[in-house]
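Trainee: Chains as they are written, first to last, in the working numbering: chain A, 1 to 99; chain B, 1001 to 1726.
Keep in mind that the hints were calculated from the coordinates and are not lab data. A virtual CB, placed ideally from N, CA and C, is assigned to each residue, including glycine. Misleading hints may appear alongside valid ones.
Have a look at the derived ranges for each label pair, beta carbon to beta carbon [stated by the list, open to error]: (1) A:S17 with B:E1686: 39 to 47 Å; (2) B:N1661 with A:L3: 19 to 27 Å; (3) B:Q1461 with A:T4: 41 to 49 Å; (4) A:N78 with B:T1596: 46 to 54 Å; (5) B:D1577 with A:S17: 33 to 41 Å; (6) A:A30 with B:Q1461: 28 to 36 Å; (7) A:K70 with B:V1678: 50 to 58 Å; (8) A:S17 with B:I1574: 34 to 42 Å; (9) B:E1686 with A:L3: 24 to 32 Å; (10) B:G1573 with A:A30: 28 to 36 Å.
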Amino acid sequence: MELTKTQCGGKATFALSGRLDATAAPEFQAVLIPAFDEASLVELDLAALTYVSSAGLRVLLLGEKTAKSKGAAMPIRNVSQEIKEIFDMTGFSDILNIV
Amino acid sequence: MKKKRIERKILSVAVGISVVSLAAFCAVAFRGLYSVRAHVLQSSAKLGESAAANSGRVLEQEAVGRLLDRAQGHSRFINERLTGIAKDAVYFAGHVTEIYKSAGKLAPVYIPYASSENNGKLVMWMASANGAADYPRIRGEAGLLGNVKPAFVSNADDMEALTRSLYLATESGFIISYDRFSDDRNRIFDPRARRWYRESADICRAYGDSCGTGWTDPYNDASSEGKLLVTCSHPFKGADGSFKGMVGIDLFIEDLNTVVNVDSGKYGHAVVVNRKATVIASSDMKRRPDGVFEAKSAYVEGNAEYNSVIDRMTGGESGSARVGIDGKEMYMAYACIPVTGWSVALMRPVSEVMGPVTENSAAIESMTKRSLGAVNNAIMSVLIAFVVGFALVVAAVIYLARMLSAKISRPIVTLEGGLARIAGGELDTRIALKTGDEIEQLGDSVNAMARELKKYISNLQRVTADKERISAELGVATKIQESMLPRVFPPFPGRPEFDIYASMEPAKEVGGDFYDFFFVEDNTLAVIVADVSGKGVPAALFMVVAKTLIKNNAQCGWKCAGSPKEVFEKVNGILCDGNDTGMFVTAFMGYLDTGTGKFRYVNAGHTPPILITGGKCAAVKVKPGFVLAGLEDTRYTEGELTMRPGDGLFLYTDGITEAVNGQNALFGQTRLAEAVNVYNNLPLKEFTSAIKREIDKFAGGAEQADDITMLALRYTSTAPSDGKAA
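Construct all of the structure, not just a fragment, from the sequences and the given hints.
Mentor: Structural data, given as structure tokens:
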């Protein structure tokens, strides 16, 4: 997985590409969670993401929970059809802020 | 072996370098020597040639100069003698004229006629044209002229040396002579008939005073015994100044020959010629067979070169030339004899002159040979010195290189031995080298390496022990996990109305997937497939919690939790409480009424199972709720379907659909549905094995990324369950 972070004032954007699986998830978690210390808006761009495993879902869930606890928001953009299916199947569509 | 190889390498490099440099040095030296040799050869040859040329020129100049000097000496000498004779002739002629002038005062002196009794004696005698018959006619004049006797006799000394005969001859036809030829036969003699007299007298008669001293060509006469002679003549006059006769002095050419012959041995051939190119004297003048010397022409027929020199001689010139005579090269020097206009020439063979040059050339050549021999010897001795030096140097190099290589290779061998012991496991081995160079450093490094190796190995042993312990513990955990899942099939031998088979294959030692089935009530069979996020020990621990919670809540029956929906909502609430790690579980649970085939189910974010009914596959649809342990107060929706006898349900985790091959392609639900269709008729155990084989085939050796869990349920009939339920 490749991860690009751009910070602009109180808004941070993560662009993810490749597979967000058990190998990539800890790395993603290590940068996503601290991002809420500096930004009130953490945007995820999943345009180039091809796969999300349950470990990846766990990081997204942790991110969403962190956002909620800190009064921040974590909108998710450019969700492809494949990823959307996973989100639907696991019920994540209901709890994530997919825009 | 190794020691020898290093030694040999050092040795061959050292020997190679020294041999190559020596060879190069030798080549350069020999090149130099040979160029010196060539130079010696060349310069010797040049020296020989130029020395020969120079010395030849010098010798030639010297020889010709000397020859010319000698010829001029001869010419002066002969000229002096002849001048003396000519002066005598003039003197006697003057004396005779004086006698004529003193005719009245002088007493007559009567000279006897020639007589044989005086033959051979030096005496005065006379003769006349007609012998004694003339005497009365000439008596007066003869008596007067007899007064020359004292003068003639005073000349006796010369008569012994050069002059043969001294005489006077008169126009009146008598002769008074002083010599040794007094003979009866000579009484009758007319001088006027003689050529020497005639030629001069004709001039004197015709031109008076202008006639002078004359010299005849060589000739011989009756008394000369074949010897050639010449006559010097001078006219005398009477008291009245008229031509009266001539004084004559004969001399033998042989006397001149004696002069020129002196040199013939030393300077070769000598020759005297007169103006008519007649040979007057010559060192090789010979008598004819009749004993008479022949006056020959000096010219040699066909030898223009020589003849032109003769022409120059008769022309009164002095000089030198190089001519060929009878095929022999000669130097020739010639000088004029002024008094007679004669010329004397000396000839000397060139070979005789150039002899020393040839000798000189030979000497230089032999000297060159000697010096060349010396150079060759020098080259040979240098060669020998080189060979000996070469051998010595190579031997020294071999000896030194052996010592050096032994010095270098000994510590290496020590090092090698130490390394071999370390490699053999003797890590306490230490290499003690005190060479003070890189090899000692290497030894220290090896010692350090051995120390580090020992430390590392002990660390490794500890780590390995730890790992083995963990591995063993993980093995135990796997066993525990396995034992938590129902593994005995068929699990309910007394319940023929359904058939069930399940398997879980973890990606790591312990997995996060689990399945479960148990009876909630007599006719209600619960089947569960769940997947904990993540893998390994954390997932396994979470799985144990989740599984236990679900089973406990479900088995307390309708009293506690009631429907599957209520079980999940309750378990979710418990799991969420204190879930700091953010782990969650996707789970599918269904309750099968074994009597009616009615199947109520709930899905917490799990992959929907496949229903096989009437030989067709269909996803078991229900709106999936959120995962367990995700969010508190999550509400779940229940679905319901009815299984007919023969229908099947296939529950699985996303380890199947998300299995990847080498190209990162997913196995997917389509492939899974096809495989399910194909193998649907097999007994459940073989069915699950076939599905697994398909997955493995698809993955093609790619590592299993996630746990693979399958649960297959087949509903057979309603009949027995009714019986049992009753």
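Trainee: Against the structure, test the hints numbered earlier, and report the numbers of the ones violated in rising order.
Mentor: 9
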